[in-house]
Structure formats: C-alpha cells, structure tokens
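Novice: Listed here are the chains, written in short residue letters.
Number of protein chains: 2
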Amino acid sequence: MSLLVIGTVAFDAIETPFGKTDKIIGGAATYISVSASYFHKNINLVSVVGEDFPKQTIEMLQSKGISTEGLQIKQGEKTFFWSGRYHEDMNSRDTLDTQLNVLADFNPIIPEAYQDCEFLMLGNLSPSVQQQVIKGLRNRPKLIVMDTMNFWMDIALPELTETIGMVDVLTVNDAEARQLTGEYSLIKAARKILAMGPKYLIIKKGEHGALLFHGDNVFYAPALPLEDVFDPTGAGDTFAGGFIGYLSSTRDISFESMKRAVIYGSAMASFCVEKFGLERIQNLSQGELEERLQQFVDLVQFEITLV
Amino acid sequence: MSLLVIGTVAFDAIETPFGKTDKIIGGAATYISVSASYFHKNINLVSVVGEDFPKQTIEMLQSKGISTEGLQIKQGEKTFFWSGRYHEDMNSRDTLDTQLNVLADFNPIIPEAYQDCEFLMLGNLSPSVQQQVIKGLRNRPKLIVMDTMNFWMDIALPELTETIGMVDVLTVNDAEARQLTGEYSLIKAARKILAMGPKYLIIKKGEHGALLFHGDNVFYAPALPLEDVFDPTGAGDTFAGGFIGYLSSTRDISFESMKRAVIYGSAMASFCVEKFGLERIQNLSQGELEERLQQFVDLVQFEITLV
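Chains as they are written, first to last, in this note's numbering: chain A, 92 to 398; chain B, 92 to 398.
Think of the hints as simulated: they come from the structure by calculation, not from any bench. It should be emphasised that the depicted structure is a prediction, and the values quoted were computed from it without experimental measurement. Careful, some of the hints might be misleading.
Stated by the list, open to error - PhoX-like, lysine-lysine: derived pairs with alpha carbons at most 20 Å apart:
{"id": "1", "chain 1": "B", "residue 1": "LYS296", "chain 2": "A", "residue 2": "LYS366"}
{"id": "2", "chain 1": "A", "residue 1": "LYS169", "chain 2": "A", "residue 2": "LYS114"}
{"id": "3", "chain 1": "A", "residue 1": "LYS296", "chain 2": "B", "residue 2": "LYS296"}
All chains should be modelled from the sequences, with the hints used to inform the complete structure.
Specialist: Take a look at the structure:
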C-alpha cells in the first residue's frame with residue numbers, strides 16, 4: 092500500500108536575514124516526499140517540471156524510495172520558480188517573483204501503478220487540480236490530507252471550499268484559518284473548518300508549534316525552540332511529510348496516532364529550518380531523528396498526579 | 092514557612108474588543124496572592140494603597156488566607172491607577188493613563204511576622220524597591236522569583252540588572268527577553284539572561300504558552316486554546332501566583348517540580364483571561380481547577396516509544 096504525494100516540484104530563490112540563495116530545489120511535493128521517506132518506503136510522486144530540472148535531483152528522490160514515474164518532464168518548458176524574502180521575525184515574507192511556467196496548465200496524470208494508494212497527500216496546489224487527483228483515483232484512499240494557502244482563498248474560494256469538503260485532514264497556518272473562517276479565535280475557526288467536512292484539522296503556528304483538532308479534542312505540539320531559524324521555506328511541507336509518512340508507515344489513523352504523527356512532523360520541520368532548502372533534511376541519520384524526538388518528549392512531558 | 096508577595100495593589104480601567112470596565116481592582120500583588128491562595132495558605136502581602144481602596148477587597152484577600160498586615164493604607168492619598176486598551180489580537184495594548192499616586196514614594200515595610208518567609212515573589216515594581224525587600228529580609232529566602240517589565244529596561248536598566256542578579260527565577264515576556272538581551276532568538280536570549288544570575292528563567296508568550304529555561308534544559312508549557320481571550324490583564328501575575336503558590340506548597344524546587352509549577356501557573360492564567368479583572372479567579376472550585384489541569388495534560392501528552 093502506497094503513499095501518493097502531489098504538489099509542486101520547483102526552484103526557489105530565498106533571502107533571509109542570514110543569507111541568500113541562488114536557484115535551489117524547492118516545491119511542496121519535494122519537501123513532503125523527502126520528509127515522508129524517513130518513515131515510509133513506498134512513495135509515489137505526481138508533479139511536473141521543465142527540461143531545466145536537474146536529473147541528479149530526480150535521482151536523489153529515487154534513491155529515497157520515491158517513485159518519479161508520475162513526475163512529468165515537459166520538454167521545451169521551464170520549472171515553476173518562486174522567489175521570496177523573509178522579514179526579521181521569519182514569520183512573514185514577501186514574494187519577489189513567481190513564474191508559473193509548467194504549472195500554468197498542469198494536468199496531473201496518475202500512473203496505473205499508483206492506483207493502489209492508501210494515503211494521499213495533496214500538497215499546496217490549485218484546489219481544482221487537487222480535486223482532479225481525488226477524482227482520478229479508482230478507490231478513495233483511507234486518508235486524504237490536504238494543504239492549501241491564502242492565495243486560493245483569495246482567488247478560488249468556491250473550488251477550495253468544495254475540495255476541503257472531500258478530505259479527511261486539512262492543514263493551514265493560523266492566519267489562513269482566520270481568513271478562511273473570519274474568526275480570530277482559533278477554537279472557533281477550527282469548529283467552522285471541521286464543519287466544512289474534514290474530520291481533522293491541523294493549524295500550523297510556525298515557531299509557536301501546531302494544533303491538531305478532532306471533534307472537541309485538541310492536541311498541541313510545540314515547535315522546538317531553536318538557536319536560529321535559518322530558513323523557514325518548506326517547513327510546513329516538511330511537517331506534512333513527516334505527518335503523513337508516519338501515518339502511512341503505521342496505517343493507524345486513530346487520534347492517538349495522529350498526535351504522534353504531529354510530533355514526527357514537528358521534529359522533521361525543526362530540522363528543515365536549520366539550513367537553506369532541502370539541505371538539512373536530505374541526509375538525516377536515524378540517530379539524529381531519534382535524538383530530536385527525545386527533545387520533543389523532554390520539552391513537553393511533565394508528571395502531575397490528579398486525584 | 093510563608094510565601095511573601097510584594098507588588099502593586101491597584102485600580103485598573105480596561106478596554107478590550109469585548110467590552111470596557113469602570114475602575115476595577117487590579118495590581119500585580121493582588122493577582123499573584125489570589126492565584127497563589129489556591130495552593131498555599133500562608134501568604135503575606137506587602138504593598139500600598141490609598142484611603143480610597145475598598146475595605147471589602149482587603150477582607151476578600153484575608154478570607155483567602157492572605158495576611159494584609161504589610162498592606163500600607165495611606166490616609167489622604169489615592170491608590171495606584173492604570174488604564175489601558177487592548178488591540179484586537181489581545182497581544183498588544185496601549186496605556187491610556189497611569190496615576191502613580193501612593194506608589195510614587197512607596198517604601199515597603201516588612202512586618203516582623205513576615206520575616207520567616209521561605210518563598211519570595213517580587214511582583215513587577217521598580218527594581219530598587221524589589222531590591223529593598225530582598226535586603227530587608229534577615230534570611231535569604233529559599234527561592235526568590237522576580238517579575239519585571241520593559242518599562243524598567245527603558246528607565247532603570249542598571250538597577251534592574253543588579254536586581255536580576257540577586258534572584259533565582261526571572262519571569263519576562265518574549266518581547267522583554269529580546270529587549271533585555273538584544274537577541275531575537277529566545278534560546279540565545281535565555282542563555283544571556285541566565286548568565287546574569289538567575290538559575291531559572293520563564294519566558295511568557297501569552298496565547299503561545301511559556302518556556303522554562305534551566306541550564307541547557309527547556310520546558311514548554313502551552314497556553315490552553317480558548318474560545319475567547321476576554322481580558323489578558325493580570326494573566327502574567329496570575330501565572331506567577333500559581334507558579335510560586337504551587338512551589339511553596341510543595342517546597343520542592345527541583346526542575347521537575349518547576350515544570351509542574353509552570354503548568355499550574357498556566358492553568359490559573361487560563362482562567363484569568365476568561366473574564367475581566369479578578370472576576371474569574373476569585374471563586375474557583377477545586378473541581379474546576381482539576382478539570383483545567385486535566386485539559387493541560389490532554390493537550391500535550393503523547394506516547395512515543397523510542398528505541
């Protein structure tokens with residue numbers, strides 16, 4: 092049983108208070124699959140790049156057990172490019188440039204070998220493309236997780252709302268949860284989003300951690316306090332990758348398992364922000380990962396005996 | 092063995108997006124002692140009010156086991172008054188009016204009966220007054236906790252630094268930790284503050300919880316996600332009261348105990364913000380408190396088995 096990941100595979104150029112990159116590899120699906128590959132070994136990627144996309148990166152993905160059969164390579168076209176600059180607080184950023192290129196008319200094609208997918212991760216993309224993928228699967232996956240962003244709330248709210256109604260878990264950040272519902276209180280926002288269809292909601296709060304909502308239950312995963320957040324790009328996707336990678340490895344989608352998955356996602360995201368782009372999460376050892384998980388345990392565990 | 096609390100006892104007038112109060116009872120020492128009184132029954136208050144301060148409030152404090160022998164009542168003078176307006180996000184506020192009144196020349200007098208104090212909580216006040224209290228005690232308490240604010244960093248940094256060097260635990264908010272150290276990273280800020288003297292540091296992050304630092308250890312206590320934060324006034328003091336109240340009731344000042352104390356403080360603060368002023372924390376039942384603590388346990392506890 093496989094994990095199907097759809098999303099962008101892209102070039103990024105990033106400026107942070109700590110430095111600046113040339114074009115480096117980015118894209119939601121890239122971060123998601125690399126992150127998930129630490130937990131699950133049967134990952135199928137659906138995305139699109141141009142002929143300018145480096146072969147070595149595709150080989151790197153394959154070396155991690157990620158099938159790239161569904162990665163379309165468009166001859167004579169260019170890969171999606173995004174460029175942004177982070178503010179000092181690292182919680183806000185300005186987009187400097189967006190070149191859609193191959194993404195402008197992306198038609199996701201699901202290879203026959205991907206049809207058995209049990210877990211589906213819809214990385215941030217136009218909601219109509221996300222929907223197309225759900226409809227392109229012969230059997231509904233056991234769990235569909237969807238990420239999105241404010242951009243689609245601005246320009247495609249009806250399609251977005253419809254797509255949200257088709258998934259099991261939605262991930263958004265706090266500002267997006269507020270924009271989507273018009274509620275400042277995250278508790279109220281969560282209630283409204285859960286009423287739209289998803290059984291689970293994850294609200295990502297960056298350096299302040301993440302909240303998992305399910306019915307009246309709330310679980311809070313902290314972010315690890317770090318010396319420096321070097322580059323937040325991809326942190327949300329890396330989180331999602333750890334989350335769904337863990338779930339698909341255990342095939343347990345109970346609330347208790349989701350809580351652990353949120354911690355695994357947070358641990359992966361805490362690595363991601365330590366360096367530019369994929370640099371830090373590309374070559375993690377099992378030991379590093381376990382040490383980081385232990386830090387999360389130590390960070391929040393306490394003993395209180397209630398009568 | 093007693094807990095000595097020093098700080099303001101005051102009038103506040105508060106505006107939030109949810110409403111507006113006339114003059115109500117406020118003050119750091121008021122919130123601290125009321126909050127601590129749920130855990131510890133031998134609390135001694137040192138503060139000052141004017142003749143306009145209501146007798147019923149003094150009786151309310153006494154009814155909670157708080158000795159007011161050290162509460163000076165200045166005839167012909169007026170109680171300290173603060174008025175502020177919160178912004179929509181509830182994390183920032185504007186001061187509309189500050190009338191120091193009796194606080195202008197406050198000379199804290201420690202009654203003989205208070206000299207046995209084992210725990211000392213220095214609520215936010217001028218650092219020189221805080222220092223005067225430490226020096227006024229014949230024996231150094233087992234634990235001194237100090238709260239302060241950005242105002243003293245602006246106008247009395249040398250005295251503040253000196254006072255910080257005399258205490259065991261400092262509590263500040265995230266913006267204050269950054270201002271005090273010039274470090275944006277809270278990990279770096281914490282390291283610098285711990286180097287100033289305190290063995291423990293608590294950085295309060297409002298709706299994002301609180302961090303406890305001790306050597307290389309970090310503990311993270313979440314804030315409870317609430318439907319609405321009605322009025323944040325006094326939340327930090329209520330937190331401090333729960334923290335030191337719990338510690339002084341157990342007399343255990345190990346890191347494990349401090350972690351629990353931070354959770355007790357957070358639970359008390361989560362009540363405080365649900366209504367204006369002291370309203371919510373004045374009449375809590377044991378059942379409500381335990382239910383709230385259970386919510387904190389449920390909020391963060393997870394099971395991960397690491398090999």
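Novice: All the hints need checking, so say for each whether the structure fits it.
Specialist: So, going through the hints one by one against the coordinates:
A distance of roughly 25 Å separates the Cα atoms of LYS296(B) and LYS366(A); the hinted pair therefore is violated under the 20 Å criterion. For the proposed pair LYS169(A) and LYS114(A), the alpha carbon gap of about 13 Å is at most 20 Å, so the pair holds. Distance restraint check for LYS296(A) and LYS296(B): the Cα-Cα separation of roughly 13 Å lies within the 20 Å cut-off, and the hinted pair is therefore satisfied.
Hint violations for this structure: number 1 only, all remaining hints satisfied.
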